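Residue numbers (this note's numbering), protein chains in the order written: chain X, 541 to 851; chain A, 100 to 240.
None of these hints come from the bench; they were simulated from the model. The structure presented is a predicted model; accordingly, all values stated were derived computationally and were not measured. Errors might be hidden in some of the hints.
[Claimed, not checked] Okay, derived cross-link-like pairs now, BS3-like style, lysine-lysine, Cα gap no bigger than 27 Å in a straight line:
1. X/Lys825 with X/Lys557
2. X/Lys825 with X/Lys812
3. X/Lys613 with A/Lys186
4. A/Lys184 with X/Lys639
5. X/Lys812 with X/Lys785
6. A/Lys184 with X/Lys557
7. A/Lys186 with X/Lys785
8. X/Lys812 with A/Lys186
9. X/Lys557 with X/Lys639
10. A/Lys184 with X/Lys613
11. X/Lys639 with A/Lys185
12. X/Lys825 with X/Lys785
13. X/Lys613 with X/Lys812
14. X/Lys804 with X/Lys557
15. A/Lys186 with X/Lys557
16. A/Lys126 with X/Lys613
17. A/Lys185 with X/Lys812
Spelled out from the first residue to the last, the chains are:
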Amino acid sequence: MALADEVLRGSFHAIGKAISLVENGAPEGRDLLERLHARVGDSLRIGLTGPPGVGKSTAVDEMAAVLRARGEKVAVVAVDPTSPFSGGALLGDRIRMSKAAGAGDVFMRSMATRGESGGLARATQDAVDLLDASGRTFIFIETVGVGQSEIEVSRAADCVIVLLSPESGDGVQAMKSGLLEVADIVAINKADRGGADRLEHDLRTAFELGLRPRREIPILATQANAGIGIPELVATVEAFVFARKASGAFQERRRLGMEDRLRKIAEFLVQKDLWGGEGAPERVKEAAERVLRRENSPYGCARALIREALR
Amino acid sequence: MTKDSTGRKFRVIVAKPGLDGHDRGAKVVAAALRDAGFEVIYTGLHQTCDLIANAALQEDADAVCVSILSGAHMTIFPELLDLLKKKGMDDVLLCGGGIIPPDDAEALRHQGVGRLFGPGTDTRDIVRYLQEEIPRRRPRP
């Protein structure tokens with residue numbers, strides 16, 4: 541397939557089209573992933589999450605600038621929500637990524653959640669794999685940013701940065717939100733605003749109280765719009781990754797993430813065969829009639845449907 | 100329908116090129132397209148043609164919708180069209196809106212630019228136009 545070769549060569553045009561194929565669940569997209577899977581796994585995946593308006597896109601833009609200045613090939617996948625009412629989406633992350641966009645050598649893709657609720661889209665990891673195979677060395681994954689339920693990113697990324705700002709709420713907010721549990725690093729953005737010291741103190745208290753007793757979480761102060769604290773944030777990410785690789789925790793996390801992803805893909809494929817396969821609607825109708833005629837139980841019929849679909 | 104039979108959702112770039120800072124029209128159109136089920140990539144103000152074309156490439160956009168109120172349309176549309184072609188996006192629809200005299204719109208249409216919508220346009224007309232024109236230009240198996 542010519543598209544696969546073009547992706548391997550790093551063509552932005554080809555990557556753009558390839559991501560659409562996996563995003564739309566097209567058979568060509570799955571073929572592409574089959575063909576490229578042996579080239580996936582060398583890039584570093586950095587997740588960014590945090591409440592809306594905290595500065596995630598701006599921080600990614602600045603981090604990308606730091607990395608590309610020393611020759612890294614950077615990509616960004618930024619996820620925004622799909623409206624459950626219209627099915628449409630307004631994807632606005634490019635607005636804050638003017639440096640990356642202007643550089644021309646950073647690949648940036650906006651993605652709509654299309655009904656997923658964990659902060660990422662179903663095809664986000666597929667897109668990241670394609671970017672990985674294309675030779676990108678650093679891939680940022682920016683979540684929707686609704687907070688509190690964005691656990692998906694901790695499985696898709698090697699390192700997760702949680703961005704907060706002094707406006708994000710007090711220490712109790714920090715303790716109750718599920719957000720901090722996914723953090724490998726916390727950055728307090730807009731640190732020039734009042735309350736940053738207080739938030740940092742609250743966070744340290746929260747961590748001391750055993751929210752996350754397993755290890756030390758670095759807390760940094762940043763002002764992403766001015767680039768302040770961003771080189772330090774990049775260095776902290778790299779130190780984290782270095783330590784994790786040395787201890788084996790890096791590989792362990794990738795394995796756990798892959799287990800999770802395989803479960804999801806398997807469920808998706810089974811569901812597709814079950815309800816979308818040839819003759820599926822007729823089989824379900826027939827099964828329902830059997831139950832109503834008292835020939836079989838609902839559970840017995842459901843099992844039979846699964847056996848039929850997997851055959 | 101804002102997706103075709105293969106489940107592809109229409110992806111549209113809404114951009115404001117150049118120096119004019121009047122983005123209300125672009126925002127109205129972006130919101131209308133969102134509500135009609137499009138995935139709208141809004142790039143914001145002060146975009147160069149190069150930035151817009153790069154965005155279209157990376158986002159695999161089906162259409163690029165540009166709002167120009169500054170009078171620079173006879174420069175910007177041909178430049179954008181040229182860039183899209185150069186980057187291999189012959190099948191991507193370029194259309195737009197703003198204050199564009201009918202003669203200019205006609206001239207641009209001959210060069211290959213799509214419909215240009217003026218003040219007072221019903222957003223439903225824009226939605227309908229894109230829904231018809233995108234599958235015509237980019238049919239997918």
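Hints versus structure:
{"no.": "1", "hint": "X/Lys825 with X/Lys557", "verdict": "violated (39 Å)"}
{"no.": "2", "hint": "X/Lys825 with X/Lys812", "verdict": "holds (17 Å)"}
{"no.": "3", "hint": "X/Lys613 with A/Lys186", "verdict": "holds (21 Å)"}
{"no.": "4", "hint": "A/Lys184 with X/Lys639", "verdict": "holds (25 Å)"}
{"no.": "5", "hint": "X/Lys812 with X/Lys785", "verdict": "violated (37 Å)"}
{"no.": "6", "hint": "A/Lys184 with X/Lys557", "verdict": "holds (16 Å)"}
{"no.": "7", "hint": "A/Lys186 with X/Lys785", "verdict": "violated (40 Å)"}
{"no.": "8", "hint": "X/Lys812 with A/Lys186", "verdict": "violated (37 Å)"}
{"no.": "9", "hint": "X/Lys557 with X/Lys639", "verdict": "holds (23 Å)"}
{"no.": "10", "hint": "A/Lys184 with X/Lys613", "verdict": "holds (26 Å)"}
{"no.": "11", "hint": "X/Lys639 with A/Lys185", "verdict": "holds (23 Å)"}
{"no.": "12", "hint": "X/Lys825 with X/Lys785", "verdict": "violated (53 Å)"}
{"no.": "13", "hint": "X/Lys613 with X/Lys812", "verdict": "violated (36 Å)"}
{"no.": "14", "hint": "X/Lys804 with X/Lys557", "verdict": "holds (24 Å)"}
{"no.": "15", "hint": "A/Lys186 with X/Lys557", "verdict": "holds (13 Å)"}
{"no.": "16", "hint": "A/Lys126 with X/Lys613", "verdict": "violated (32 Å)"}
{"no.": "17", "hint": "A/Lys185 with X/Lys812", "verdict": "violated (40 Å)"}
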